[in-house]
Every structure is written in structure tokens, then in C-alpha cells.
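Engineer: Residue numbers (the working numbering), protein chains in the order written: chain A, 173 to 281; chain B, 173 to 281; chain C, 173 to 281; chain D, 173 to 281.
These are computed hints drawn from the structure, not numbers from a lab.
Here the structure is a predicted model, which means the values were calculated and not measured.
Accuracy of the hints is not assured; some may be wrong.
Note that identical chains are pooled: a pair holds if it fits in a single copy or bridges any two copies.
Calculated pairs, DMTMM-like style, for lysine to aspartate or glutamate (alpha carbon to alpha carbon, straight line, at most 25 Å) [to be verified]: (1) LYS219 with ASP175; (2) LYS276 with ASP175; (3) LYS270 with ASP248; (4) LYS252 with ASP175; (5) LYS270 with ASP250; (6) LYS252 with GLU280; (7) LYS265 with ASP250; (8) LYS260 with GLU222; (9) LYS260 with ASP191; (10) LYS252 with GLU231; (11) LYS277 with ASP175; (12) LYS277 with ASP235; (13) LYS270 with ASP175; (14) LYS260 with GLU214; (15) LYS277 with ASP250; (16) LYS276 with ASP250; (17) LYS261 with ASP235; (18) LYS219 with GLU178; (19) LYS276 with ASP245; (20) LYS261 with GLU280; (21) LYS276 with ASP257.
Number of protein chains: 4
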Amino acid sequence: MSDTREITQALLQFRDERDWAQFHNPKDLALALSIEAGELLESFLWKSAEQANPNEIQEELADVFAYAFLLADGYDLDVKQIVLDKIKKNALKYPVEKARGCAKKYTEL
Amino acid sequence: MSDTREITQALLQFRDERDWAQFHNPKDLALALSIEAGELLESFLWKSAEQANPNEIQEELADVFAYAFLLADGYDLDVKQIVLDKIKKNALKYPVEKARGCAKKYTEL
Amino acid sequence: MSDTREITQALLQFRDERDWAQFHNPKDLALALSIEAGELLESFLWKSAEQANPNEIQEELADVFAYAFLLADGYDLDVKQIVLDKIKKNALKYPVEKARGCAKKYTEL
Amino acid sequence: MSDTREITQALLQFRDERDWAQFHNPKDLALALSIEAGELLESFLWKSAEQANPNEIQEELADVFAYAFLLADGYDLDVKQIVLDKIKKNALKYPVEKARGCAKKYTEL
Numbered sequence: 173m174s175d176t177r178e179i180t181q182a183l184l185q186f187r188d189e190r191d192w193a194q195f196h197n198p199k200d201l202a203l204a205l206s207i208e209a210g211e212l213l214e215s216f217l218w219k220s221a222e223q224a225n226p227n228e229i230q231e232e233l234a235d236v237f238a239y240a241f242l243l244a245d246g247y248d249l250d251v252k253q254i255v256l257d258k259i260k261k262n263a264l265k266y267p268v269e270k271a272r273g274c275a276k277k278y279t280e281l
Numbered sequence: 173m174s175d176t177r178e179i180t181q182a183l184l185q186f187r188d189e190r191d192w193a194q195f196h197n198p199k200d201l202a203l204a205l206s207i208e209a210g211e212l213l214e215s216f217l218w219k220s221a222e223q224a225n226p227n228e229i230q231e232e233l234a235d236v237f238a239y240a241f242l243l244a245d246g247y248d249l250d251v252k253q254i255v256l257d258k259i260k261k262n263a264l265k266y267p268v269e270k271a272r273g274c275a276k277k278y279t280e281l
Numbered sequence: 173m174s175d176t177r178e179i180t181q182a183l184l185q186f187r188d189e190r191d192w193a194q195f196h197n198p199k200d201l202a203l204a205l206s207i208e209a210g211e212l213l214e215s216f217l218w219k220s221a222e223q224a225n226p227n228e229i230q231e232e233l234a235d236v237f238a239y240a241f242l243l244a245d246g247y248d249l250d251v252k253q254i255v256l257d258k259i260k261k262n263a264l265k266y267p268v269e270k271a272r273g274c275a276k277k278y279t280e281l
Numbered sequence: 173m174s175d176t177r178e179i180t181q182a183l184l185q186f187r188d189e190r191d192w193a194q195f196h197n198p199k200d201l202a203l204a205l206s207i208e209a210g211e212l213l214e215s216f217l218w219k220s221a222e223q224a225n226p227n228e229i230q231e232e233l234a235d236v237f238a239y240a241f242l243l244a245d246g247y248d249l250d251v252k253q254i255v256l257d258k259i260k261k262n263a264l265k266y267p268v269e270k271a272r273g274c275a276k277k278y279t280e281l
């Protein structure tokens, strides 16, 4: 079994043992993901990146991944596939010759 | 190669072809992740989950994953490992007998 | 003194008594605002709007306002003015005859 | 009329002319606020605070305020009152002698 599948299986098992599928509609999963992204951000608040606590970051990042994998599962999305597809799309928006060494948004390139 | 590793490799290659590592400090990656989580949320705004556009969700979710994988890579974290570890921790916070069918936060259980 | 000015004065006094201006650069204030918006969102997680706790919402909303007013002050912005200006702009994006009873984004109207 | 009241009146008039109250339940308003906070954050992405565009910040901050005022109105909250109340609470969590010149969270003071 691929490891993205293994992650998803473990999350679904955790959810189903607690009978939580009833709460996990995609809108609330997206809320949960956004809340966890905010908690991750808090690890960097009033600090430089170097001063942030890596253990805290690991915990919050794991929560972000958990909700992201659950959402992907809810829409039957293969995580590897959607990221690789997005990279292809972004390669068109950000061609190497234009985007190299430049942090501007594609709309301003 | 595991598929989480494959995803990370593809993201790093995309980044390095554009010489973007210089912008990708962890604090800004956490910002980017939070911004993308907000864009994902926008797919659900003023709508029920059923009315949301799955293609849009796929795109935004892919962006969320991209920054999450880049952050994990920046801290040398194995994505499968940190999610499985977090599930173990959460199993202690949310024991099946207490949490079953209940959406309360562990601090209120 | 107008009440937006009174709010700002009280926030600046609280900040300066603690010598916190050194941490309050606009980028970190924007992070703080986003984190608080996430905490506000948490009051609605896995719930309908009716089930959310109004006292919690009041607390989190106050935090959101606090950072928003501090940011406005940092850029010498008059809160009433910028909101009224934005309403005028939005009136052009969302003309009454087109937008009436419709939740679509202006790009889709 | 106080200026916070004037802001709220202008927002409600804009909303009612478009018959949008039907979409503005508090949960979706909290989503909208969080989305706008993410857009504000985007003004600072991959940049120092000094490099951020003040006009963009003004626009996004105005959107944040708009949803925050609408939410406050939905719960019949007086914005000045809730911010002043929160400052009093925070003064207990962050006493001057402990918090002076220190960016730690009250739980770590």
C-alpha cells in the first residue's frame, strides 16, 4: 500500500472508531484545516523562522495534513496526482525564464 | 520511492528550477499555507458543502498540500510518520468511549 | 473623540505600557489577525451557527478587532474612511440590479 | 451617531439593497472574515513588512473590518465595548511587570 493510502486509512480508522464521519462534511473539514493552518502560523508569531519551535511546528503540521488528507478522501482525490497536476499547471503560469529568482505573482510577471 | 517522497521531489524540482528556495523560509511557507487554506475555504463560502465546486476544491487543496509538503521537507519531517504519531497522541486525548459520536473538544469532554 | 479613535488609543496604551511596539511590525500584526480569525472560526466548527457560543464569539471577535485597529493605526488609516471607500468600490463591482439576491462573486456575475 | 455605528449602518444598507442578509449567517461571515484575513496576509507573502503595498493592505483591511462589523452587528455587540472589555481581561493575563518587553504567550509567562 502506498504511504498516502496508509495515512488516509489510519485517519479513517481513527474517525470511524469515534463515529465522527457525521461531523466531517467537507465544509467543516475546510474550516478545520484553516484553523490548524492558523495554529501553525502561531508558532511563527512575533518571531523569526529560526526562533520557532520545531516540535510545535511538527504537531501543527500533522494536524494540517490530517484534515487535508480527509478532505482529499472525501472527494476521492489521489494526493500525489493532484499535486503533480498542479505543478504542471503552475509551470505554465510560472515559466522558468520569467519566474527565475522572482517572487512576484503570475498576474504581475 | 514512496509517493510522499515523490511528491516532495517534484515540488523541490519545481522550486529549484525557479531558484525560489531563497523565498521559502518556513515562516513564509506557513503564511502561504494559511493563505491557500483561506482560498480553499472560499470554495465553500455562502454555500452548503454540496454546492461547492469539486474542481476548485481540488486545485486549492493541491496548493495546500504543496506548501505543507515543502514545510515538512524544510524540517526533515516524514509526513507519514508525523501523521501516525499525531493520531496516537489524539487517541489519548480522545479515547473512544468518551469521544464516540461527540464533536466536543478534548478540553470539554 | 470618536469611538474608533478611543479604541485605538486604548490599544496603543496597552501596547506601550508593555513595550510591545517592537514586536508589532505590520507583517506580524497581519499574522496575529489571521490567527485570531482562525480562533473565531473554531467557535463554529462542527456546528450550525445557532449552536455556537456567543460569549466565545465576542471574545474572539474582540481580538480580531484589536489587531485590525492596530494595523490600521500602523498605516495611519482612518477605519471609517477605508470601510466607506471600500463600500463605494464594491457598489461598482456588485451593482444592485445584478447582485440582488445572488451570492456569486463579481467575477461570475 | 458614533462612527462605529455609522460604519455598521453603511454596511447594512449595502447588504440590504442587495438582499444579502439571507447569505450572511454568522458561520459564513466568520468564513468570509478568515478568507479576507488570508488575503491581507498575502500582501506580506515572500516580503518584509516594508516591501508590502500599503494600498493593497488598505483594501484588504477594509474587507476584514467589513465582515467583523457585520458579525458584531449580528450578535448585537458594541465594538468599542467588546474591545475595551478584552483589554481589561488581557491586562490580567499580561500584567505589565511580567509582560514588559516580552513576546511570550501568557501561558508561558
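Engineer: It remains to establish, for every hint, whether it holds in the given structure.
Structural biologist: A quick look at each hint next to the structure:
Neither within a single protomer nor between protomers do LYS219 and ASP175 lie at most 25 Å apart by alpha-carbon distance, with minima of 34 Å and 32 Å respectively. Taking identical chains as interchangeable, the C-alpha atoms of LYS276 and ASP175 are never at most 25 Å apart, the minima being 34 Å within one chain and 30 Å between chains. Taking CA atoms no more than 25 Å apart as the test, LYS270 paired with ASP248 passes in neither setting, with 35 Å inside one copy and 30 Å between copies. Taking the closest pair of Cα atoms, LYS252 and ASP175 come within 25 Å of each other both inside a single copy (10 Å) and across two copies (7 Å).
Within a single copy, LYS270 and ASP250 get their C-alpha atoms no closer than 30 Å, and across copies no closer than 33 Å, so neither meets the 25 Å cut-off. Proximity of LYS252 and GLU280 under a CA criterion of 25 Å is satisfied in neither setting, with 29 Å inside one chain copy and 31 Å between copies. Taking CA atoms no more than 25 Å apart as the test, LYS265 paired with ASP250 passes inside one copy only; the shortest distance there is 23 Å, against 29 Å between copies. In this homomeric assembly, LYS260 and GLU222 never come within 25 Å of each other (Cα to Cα): the closest approach is 32 Å inside a single copy and 28 Å across copies.
Taking CA atoms no more than 25 Å apart as the test, LYS260 paired with ASP191 passes between copies only; the shortest distance there is 17 Å, against 38 Å inside one copy. Both within a single protomer and between protomers do LYS252 and GLU231 lie at most 25 Å apart by alpha-carbon distance, with minima of 22 Å and 13 Å respectively. In the homo-oligomer, the alpha carbons of LYS277 and ASP175 never lie at most 25 Å apart, since the shortest distance is 33 Å inside one protomer and 29 Å across protomers. For the homomeric pair LYS277 and ASP235, the shortest alpha-carbon distance between copies (14 Å) is at most 25 Å, but the shortest distance inside one copy (28 Å) is not.
Taking the closest pair of Cα atoms, LYS270 and ASP175 never come within 25 Å of each other, the shortest separation being 35 Å inside a single copy and 30 Å across copies. With identical chains, the CA atoms of LYS260 and GLU214 are at most 25 Å apart between copies only, with a shortest distance of 23 Å across copies and 32 Å within one. Proximity of LYS277 and ASP250 under a CA criterion of 25 Å is satisfied in neither setting, with 27 Å inside one chain copy and 29 Å between copies. In this homomeric assembly, LYS276 and ASP250 never come within 25 Å of each other (Cα to Cα): the closest approach is 30 Å inside a single copy and 29 Å across copies.
When the C-alpha separation of LYS261 and ASP235 is checked against a cutoff of 25 Å, the pair qualifies only between copies, where the shortest distance is 11 Å, while the shortest distance within a copy is 27 Å. In this assembly of identical chains, the alpha carbons of LYS219 and GLU178 never lie at most 25 Å apart, being 35 Å within a copy and 29 Å across copies at closest. Proximity of LYS276 to ASP245 under the C-alpha cut-off of 25 Å is restricted to the inter-copy arrangement: shortest distance 23 Å between copies versus 33 Å within a copy. Proximity of LYS261 to GLU280 under the C-alpha cut-off of 25 Å is found in both arrangements, the shortest distances being 17 Å within a copy and 22 Å between copies.
Within a single copy, LYS276 and ASP257 get their C-alpha atoms as close as 22 Å, which meets the 25 Å cut-off; across copies the closest is 27 Å, which misses it.
Checked against the numbered hints above, the structure violates hints 1, 2, 3, 5, 6, 8, 11, 13, 15, 16, 18; every other hint is satisfied.
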